[in-house]
Structure formats: C-alpha cells, structure tokens
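There are 2 protein chains.
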Amino acid sequence: MLAANLITELKKIVGGQNILTSKEDMTTYSYDGTAFWSHMPDVVVLPTSAEEISRIMKLANREQIPVTPRGGGTNISGGSVPIKGGIVLCTTRMNRILEINKTNLTVTAECGVVLQDLNLALAKEKLFFPPDPQSFFACTLGGNAAENAGGPYCVKYGVFKQYLLGMEVVLADGTIMKLGGLTAKNRTGYELMMLMTGSEGTLGIITKMNLKVIPAPPAAQTVLAIFDDIGQGIQAVPNIMDAGIIPAKVEFVDNFILGRIEDLFKLGLPKDAQVLLMLQVDGSPAGVATETEQMVEILKKSGARLIKPAKDAQESAFFWKARSGGFAAIYSSARTVFAEDVTVPRDKLVVFLKRLSEITKETGIDINIIGHAGDGNLHPSVGTDPRDKEHFARAMDTIDRIINMALELGGVLSGEHGVGLDKQRFLKRAMDPAAVELMKKIKAILDPNNILNPGKIWEEEAKDGG
Amino acid sequence: MLAANLITELKKIVGGQNILTSKEDMTTYSYDGTAFWSHMPDVVVLPTSAEEISRIMKLANREQIPVTPRGGGTNISGGSVPIKGGIVLCTTRMNRILEINKTNLTVTAECGVVLQDLNLALAKEKLFFPPDPQSFFACTLGGNAAENAGGPYCVKYGVFKQYLLGMEVVLADGTIMKLGGLTAKNRTGYELMMLMTGSEGTLGIITKMNLKVIPAPPAAQTVLAIFDDIGQGIQAVPNIMDAGIIPAKVEFVDNFILGRIEDLFKLGLPKDAQVLLMLQVDGSPAGVATETEQMVEILKKSGARLIKPAKDAQESAFFWKARSGGFAAIYSSARTVFAEDVTVPRDKLVVFLKRLSEITKETGIDINIIGHAGDGNLHPSVGTDPRDKEHFARAMDTIDRIINMALELGGVLSGEHGVGLDKQRFLKRAMDPAAVELMKKIKAILDPNNILNPGKIWEEEAKDGG
Numbered sequence: 022m023l024a025a026n027l028i029t030e031l032k033k034i035v036g037g038q039n040i041l042t043s044k045e046d047m048t049t050y051s052y053d054g055t056a057f058w059s060h061m062p063d064v065v066v067l068p069t070s071a072e073e074i075s076r077i078m079k080l081a082n083r084e085q086i087p088v089t090p091r092g093g094g095t096n097i098s099g100g101s102v103p104i105k106g107g108i109v110l111c112t113t114r115m116n117r118i119l120e121i122n123k124t125n126l127t128v129t130a131e132c133g134v135v136l137q138d139l140n141l142a143l144a145k146e147k148l149f150f151p152p153d154p155q156s157f158f159a160c161t162l163g164g165n166a167a168e169n170a171g172g173p174y175c176v177k178y179g180v181f182k183q184y185l186l187g188m189e190v191v192l193a194d195g196t197i198m199k200l201g202g203l204t205a206k207n208r209t210g211y212e213l214m215m216l217m218t219g220s221e222g223t224l225g226i227i228t229k230m231n232l233k234v235i236p237a238p239p240a241a242q243t244v245l246a247i248f249d250d251i252g253q254g255i256q257a258v259p260n261i262m263d264a265g266i267i268p269a270k271v272e273f274v275d276n277f278i279l280g281r282i283e284d285l286f287k288l289g290l291p292k293d294a295q296v297l298l299m300l301q302v303d304g305s306p307a308g309v310a311t312e313t314e315q316m317v318e319i320l321k322k323s324g325a326r327l328i329k330p331a332k333d334a335q336e337s338a339f340f341w342k343a344r345s346g347g348f349a350a351i352y353s354s355a356r357t358v359f360a361e362d363v364t365v366p367r368d369k370l371v372v373f374l375k376r377l378s379e380i381t382k383e384t385g386i387d388i389n390i391i392g393h394a395g396d397g398n399l400h401p402s403v404g405t406d407p408r409d410k411e412h413f414a415r416a417m418d419t420i421d422r423i424i425n426m427a428l429e430l431g432g433v434l435s436g437e438h439g440v441g442l443d444k445q446r447f448l449k450r451a452m453d454p455a456a457v458e459l460m461k462k463i464k465a466i467l468d469p470n471n472i473l474n475p476g477k478i479w480e481e482e483a484k485d486g487g
Numbered sequence: 022m023l024a025a026n027l028i029t030e031l032k033k034i035v036g037g038q039n040i041l042t043s044k045e046d047m048t049t050y051s052y053d054g055t056a057f058w059s060h061m062p063d064v065v066v067l068p069t070s071a072e073e074i075s076r077i078m079k080l081a082n083r084e085q086i087p088v089t090p091r092g093g094g095t096n097i098s099g100g101s102v103p104i105k106g107g108i109v110l111c112t113t114r115m116n117r118i119l120e121i122n123k124t125n126l127t128v129t130a131e132c133g134v135v136l137q138d139l140n141l142a143l144a145k146e147k148l149f150f151p152p153d154p155q156s157f158f159a160c161t162l163g164g165n166a167a168e169n170a171g172g173p174y175c176v177k178y179g180v181f182k183q184y185l186l187g188m189e190v191v192l193a194d195g196t197i198m199k200l201g202g203l204t205a206k207n208r209t210g211y212e213l214m215m216l217m218t219g220s221e222g223t224l225g226i227i228t229k230m231n232l233k234v235i236p237a238p239p240a241a242q243t244v245l246a247i248f249d250d251i252g253q254g255i256q257a258v259p260n261i262m263d264a265g266i267i268p269a270k271v272e273f274v275d276n277f278i279l280g281r282i283e284d285l286f287k288l289g290l291p292k293d294a295q296v297l298l299m300l301q302v303d304g305s306p307a308g309v310a311t312e313t314e315q316m317v318e319i320l321k322k323s324g325a326r327l328i329k330p331a332k333d334a335q336e337s338a339f340f341w342k343a344r345s346g347g348f349a350a351i352y353s354s355a356r357t358v359f360a361e362d363v364t365v366p367r368d369k370l371v372v373f374l375k376r377l378s379e380i381t382k383e384t385g386i387d388i389n390i391i392g393h394a395g396d397g398n399l400h401p402s403v404g405t406d407p408r409d410k411e412h413f414a415r416a417m418d419t420i421d422r423i424i425n426m427a428l429e430l431g432g433v434l435s436g437e438h439g440v441g442l443d444k445q446r447f448l449k450r451a452m453d454p455a456a457v458e459l460m461k462k463i464k465a466i467l468d469p470n471n472i473l474n475p476g477k478i479w480e481e482e483a484k485d486g487g
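Those protein sequence lines, which keep their order, are chains A and B.
Counting with this note's numbering, you get residues 22 to 487 for the letters of the first sequence.
Counting with this note's numbering, you get residues 22 to 487 for the letters of the second sequence.
In case anyone wonders, no lab produced these hints; they're calculated from the structure.
Think of the CB as a built atom: it goes at the ideal place given N, C-alpha and C, for glycine as much as any other residue.
Keep in mind that the hints are not guaranteed to be accurate.
Listed below are the simulated PhoX-like cross-link pairs for lysine-lysine, each with C-alpha atoms no more than 20 Å apart in a straight line [as the list claims (entries may be wrong)]:
| hint | chain 1 | residue 1 | chain 2 | residue 2 |
| --- | --- | --- | --- | --- |
| 1 | A | 464 | A | 449 |
| 2 | B | 123 | A | 461 |
| 3 | A | 449 | B | 199 |
| 4 | A | 329 | A | 287 |
If you want the footprint, here are the derived chain B segments under chain A, 3+ residues with CB under 8 Å [to be verified]:
| hint | region |
| --- | --- |
| 5 | 173 to 186 |
| 6 | 204 to 217 |
| 7 | 264 to 277 |
| 8 | 301 to 311 |
| 9 | 355 to 366 |
| 10 | 450 to 457 |
So here's chain A without its partners, still in its complex pose:
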C-alpha cells in the first residue's frame, strides 16, 4: 500500500479521473496475456502526457516506488505484470496519432496508440506499417517498441526496431530524452534508441515515436499448402526463397491446430495432414501474379498434397482470420497455456520439430505448434493446469526440454515475446554471462534505484541481510 499522501500527490499530477485505487479497477492491471503471472499494483495511473510521466517518475524515484509501464497488457511474457506492486503506469490515454506524413513516409504517434488504429489510419493513405504482432487489435505502439515486437510479416519486412526513427523517452529520474527524429537514416552517436527498444520497460518509458512507414503494396496473394510430411513442408520454404521470391508471410500450422481451424472455419482442409503452410506474396500486381504461379509450382514440386490460392482479398482475409482462430484454439485447450517463443536457425527447423515430438514421447505432454516458418520462430505451446501438480511439473519439464533443445541447435530463448518474468529462469543458459553483466551495469546507470519494471528479465540475486 502506498501512503495516502503519495496517492494525493499522484492525483495532483494526473488528475482524479486518471487514477485507480479500488481493488476492482486495479485487478485488470494485475496480469497480462500469459494469464499465469499476476500481482496487484498499489495504484494505477493513466497519464496523458510525457510531462505527467516525468513528474510521476520523479516522485517514484524519490520515494523508491516500483513503476511498471503498461500499454494494452497483451504481452505474453509477464512483462507488464507489477510483480513488485507499486505503480502501474498505463499509457493507453496517450493515444494520439500526431502526424502521418506521406511525402516523408513517417508517422509520429504517442505510445498508447493501438496498433490496429494506426493500421486503419495508414490504410486510408495507402501506407503500410509492417510489424504485426497478432495482438494488433489491443496492443499499443509503446509496448511494441518496448518489446521490439514482430509477427508474420517479419520474414520479409523485419521487426519493430527496424521502423523506429525517433523516440521520446522518460527516464527513471524523470528526464525527458529525445532520440533520433524524422529522418530515414541517422548516424549521430550511439544507438540509444535501439537500447530502449526491447528493454521491456526497464530502462525508460517510451512516450512518443517517429516511425518509418512504406507505400502499401498494390497487390497481395495468399496461398495455403498442405503437406503430409513435416520435412517436405519445411523444405518448401527455402525452395521458394531459392527462386528469388521473398514471401511477405510464411506461417506454419501443425496437425492439431489445422484440425481446430478446419472445425471452426471449414476451409476444406484434410485434417489428417501434418503441415499447413500459409504463404503470402505482395508487391506489384504483375509481380504478384507471376510469383504466385512460380510459388504454386515450387510447392507442388516440394510435395504439397493440396495447394489453395485465395480466390480474392476477402477469402485471403478469411484464411488469416482462420489462422488467428487456430491460435486462439490453443489457448482454450487448457487452463494455462505456455506459448514458447524459441527461434532456431532456419536450417535446423526440421530436426527441431522432430526433437519436439521426441520430447512429447518422453514427457507425455502434447506440444502444439504454430509459428513463423519463414524465420524459424515457432511457438511450441504447452497446456497444463497449475492445480494438477503432477501434470504441471511435467509441463514445466517439457518447456525446459524445448528450450534446451532450441539452444542446443543454435537457437534463442525468445524470437519476439521478450523475457519478462516468464523466461528469466532460462536467461543464464541463453546469454553470454558477460552480456548479462553488461545489461545489469546499463540498468544501474539508467535506473540506480531499480524502480522501472523491477524484477524482470534477469532473476534477482539474494541480497545479504535482505
């Protein structure tokens, strides 16, 4: 609990309408997309400007109150859970798109803008912002930047950091710092903006950003391809790339999720197949037409049992909705679902998938897989129920094995979700100790009182007499 005078001080900063203190109101801010990690905050503030955030941070720094920044709270790493209590600083009321500049191909927006709102505003101008975390209906740009979000489009278009040109960030001591700006390139000093990106709210609160956008591709075509053999399905992707085609998306769906998609959306897919690939090419109409033809040919040669190009934009949209529905089906398949986020080098995908089925044989826990085959980023998902201790223990063991296997194959702990609370117990295995040490030193200079999203990324060490 925060002392009453501190609540009063916070109220003075943000106004009474922008502060929540009741248990009912605050519960919403106690968890995130994991639905596993949760902790109640002492207070929730919803500031409306960087200046207010600066004043909140000065107060929090003086009083050493933990501050957990939060946007839509859609992250699935525990990253926005206020695990140490204190202040949840929710940015959703800073949701203005300040400028869309078509000549400069840039957008300036506040951190609380919902990604889909940006997408819709850009579509009107025939512009396109590629990073597409699948929480786009609710996630905010600030969270996207802090987590360096990715999504299906990354295989061709890269991740969030590649679209960040400028940033306003409030530091732990309340300093408002400006980095970069509206230019397409910038080589002035260290890449401090990149350091803030992906720092998961532990180094600063990103309040405003300048983003690069691109002209919307005039045409796009979605193609579904069904394979009976996992190896053939995976190999189809480099076969396509080898022809000089970079698909905008290449999604992998396993047998279980394929079945759920078919149950829900009736696409006419054979439920006994092992792999569904969902591909999209985009660009000029002529380019898309010939690339689609080529791709269909290559998919055939790669052993596809069924190839289904979308008839039109409407069917294409329906296919992608079905994919989302399939992913959602994983979440409804168990009380608690851990959607892992390991990424392996693309040439290790086949062996990795084979090893996953071996892990299932060893632990008796099913692993469902949906993910980005185009960049080796899979989401092996494990469903369990924490109340069933025996099952839960086997599920945790399964996750442990998945992560070890990915690391053994030269993969990484997280491709796009971040470490947060969920993956911090694996960090030491996944990173050079010198790099972890350096992260801690950087944290210490930016946030000496450890008030910004404390308890995240790395495990805390026991303190003497603590």
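Please arrange chain B on chain A, whose structure you already have, making use of the hints.
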C-alpha cells in the same frame, strides 16, 4: 613512443610478421578517407584472431595505451585515425568468410572481410547483402558494423544494423563477448549488439559477425531521369512511392557532378540540366517490367526532360560506374574536400536544396551535391585548401551553415558516415544533452580507462590540471 618491452610483448601476441613499427609502414595507418585528419600511431598490430585481440586489449588496458581499431580505413569521419597515438589495431588479416548458409540465409564472417569479397562470394550463390557503402571495394565488414554503414540501397533495404544477427566483440578489458547468433529474430535481453553497432570502435572491437542475407532479386532495371527544375526532380520521388513502388536506389546528382559525369563517361546527358536522378527497381522480372513502365510514366508527368532506361545489365553497370566517377570527381576538384553527410526529412529536401544555394551566395563557396534522394541523405561537399587560410575559414563557415540549416529543418548531423573527429564539434547542437550524458556513462562502464578509440564522437572537456 611505446616502451620497447611493450613492443616485445605485442610481438609475442601477434608474431613479428603482424606488427609494424617503422615510420614508412605506419604512415599508411595515420589517416583515413577524409585526407584531412591524421596522426601517427606508435605501433600497428595486425592480429589474426579474437584471442590475440583479447590479449592486446588486456595489455593496453593494463598499460592504458590508446587502441584505435581500423579496417580498410575508408571512413570519411576521421573515425579510424589514431588521434591519441598508441596502437592501431588493424583487422584486415581476419578476412575469412566462415560460412554462407543458403537455407538459413545467413553469412558468418570475420571482421576484416572486404565488403566486395563478400558480395562476389554471395553472387555465386544467388544471394544478396544490400548495405552498399560506396567504398565497397576496400571497406571491411567490421568497419561497416562499427559505423553502421549505409549506401544507395538503403532506401529499400535499410542500413547495416538491420542485417546484423550475431556478433563476437572484444571489450576494452579483453573479455570476448558473444551477442545474438544465427536466428532471424532474437528478443533475449537488451539490444547490446545494436549498441556496439555504430559505436565507432569506442565500445568494443567487433571481431566476427552473423549477417542476414536475402535471395538475389532475379531482375533489376536502372533508369536515368534529367530535370531542369530541382523541385520537380525531388518531387518525382514521392510521386513514384505514391504508386506503391519502392525503388531499390534513388540517387541525386547536381548540375556540377552531372557535368563531370558527362565529361568522363559520355552518356549523352545535357550538361545544363539541374538534376540527374538515377533510379533502380528490382524484384521479379514481371514486376520490374511493369514498375519500370509505371516509373517512366510518372517521371514524365513529374516534368522530366529526358528519361533513359538502361538497355541491359551492362549499360546499367556503366551508369552506376559513372555515378561513382562523378563522386570521385568531387574529390579531385580541391586539395581537401569535406563531404558532409546531413540527412533531412524527405519532405524538406526541396527547401534544403534551395537554402544550400543561398548559403553559397552568402559565403561564396560552391557546394556540390550527390546523395541519396530516396532517404533524404545528401552529401553536400565543400572543397578547400587548408593552406589558403581565408578560403579555408569561409569553407568551414559554409559547413557550419549547412549543418545548422539541416538541423533547423529537423535533419540530422550524419546519415551514414558517423561522427568520428570530423563532426564532433557539432554534436552538442545535434543531440539531446541527456543523450550525450548517457553515451558518456555507457562508455565509462565499458571502457573505464578510455583506451578504445579515444578522442572520438564527443569533444573532450578540459581537465583540471590536465
């Protein structure tokens, strides 16, 4: 001068054949591509492994000897000039391409690999590494990473940092640190690799890297367009983008350089024209064909006086060679040439170019311009002779005005060349003081003895009793 025993110790580390101490040998390592900044080192070492570099750094750290890392020495910011003497650590003998992985679309290479050697090796595999600093015949990957190099291809394909997946870096204390790896995505911890990128050798020595490559575009087409009016030439670029076409390159050449190109290469260009745009589109053959048609149409409508698509790949290569020749012509036009590197938001290009001609009227110093119109990164160049004090002073005043003007328009000090020695006097104007302060703090934790490329990026403050 280094004490003889230290030279002996360095010899033991790298072997007698990898150390240079004579004035004749060392002179080569005393300057860079600016041909303005220079300083003799005390010794040049050419290590052949990260382990050797680690041992050199341990020695240098213990003895507090400045270490200036250097690749091809092609940078034009003074960045690789050993301004404090000490050791030049030249990485050109670490020039092995360790792996080209076509399925994974990655390359693993040592820091001393010359960019063009990588390009040629990749071309054999139908792969493409887009970042293309125009020093590609001599610059090395380590320098490219340390400077976060860009080039004409950046408008479509982005800069060097966007292709870095993994890195081995030797820190000031000799620690060998591994960051990232071979995966397309990685969200494990802070973006330390991005911090090293663009740090200009002041935070660590990048020894090895994993780079993303892409399938080579099957087709490309170059188009030249001549305009009598600068505004029309510049406006043609957003007109093209507005049609959903992202050219791979859009280069801007001014009247002076157009004339030199015509003198040297006889392309049949009217020497009285104000702007030459050099555009390239790439992708699938069908896409390139229709995009070229569209682009020619848009260029016409935008007011182009002459439009000249390259007849074939050979003529296209000749056009790009002519561009390089034009840039080289600037360098031969005066004893010392300062090629600035300011970048402005694209929608400010026309007014910026207009202001440049006003600056010339005010100072009487010609400004020649070649640059990347597609991303607002121009290289306004000023030729002078330091022996002519009056002219030199006016030239320096001209540069000052150029930079102030760019900053006033929301532009940045450097788009791709870095700060080094050349631009450090402008840094305070160009960066938030909080950001400069933060850079210094990061430098202090990574290099407390200030031995790594000292004297670069920011100006040193006078020390009490120093």
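Going down the list of hints, with the structure as the test:
1. A:464 x A:449: holds (17 Å)
2. B:123 x A:461: Violated, at roughly 36 Å.
3. A:449 x B:199: holds (13 Å)
4. A:329 x A:287: holds (13 Å)
5. 173 to 186: Our answer is that it holds, as 6 residues pass the Cβ test (under 8 Å) against chain A, meeting three.
6. 204 to 217: holds (count 12)
7. 264 to 277: holds (count 4)
8. 301 to 311: holds (count 8)
9. 355 to 366: Per the Cβ count (4), the hint holds.
10. 450 to 457: As far as the region 450 to 457 of chain B goes, the hint holds, because 6 residues have Cβ atoms under 8 Å from chain A.
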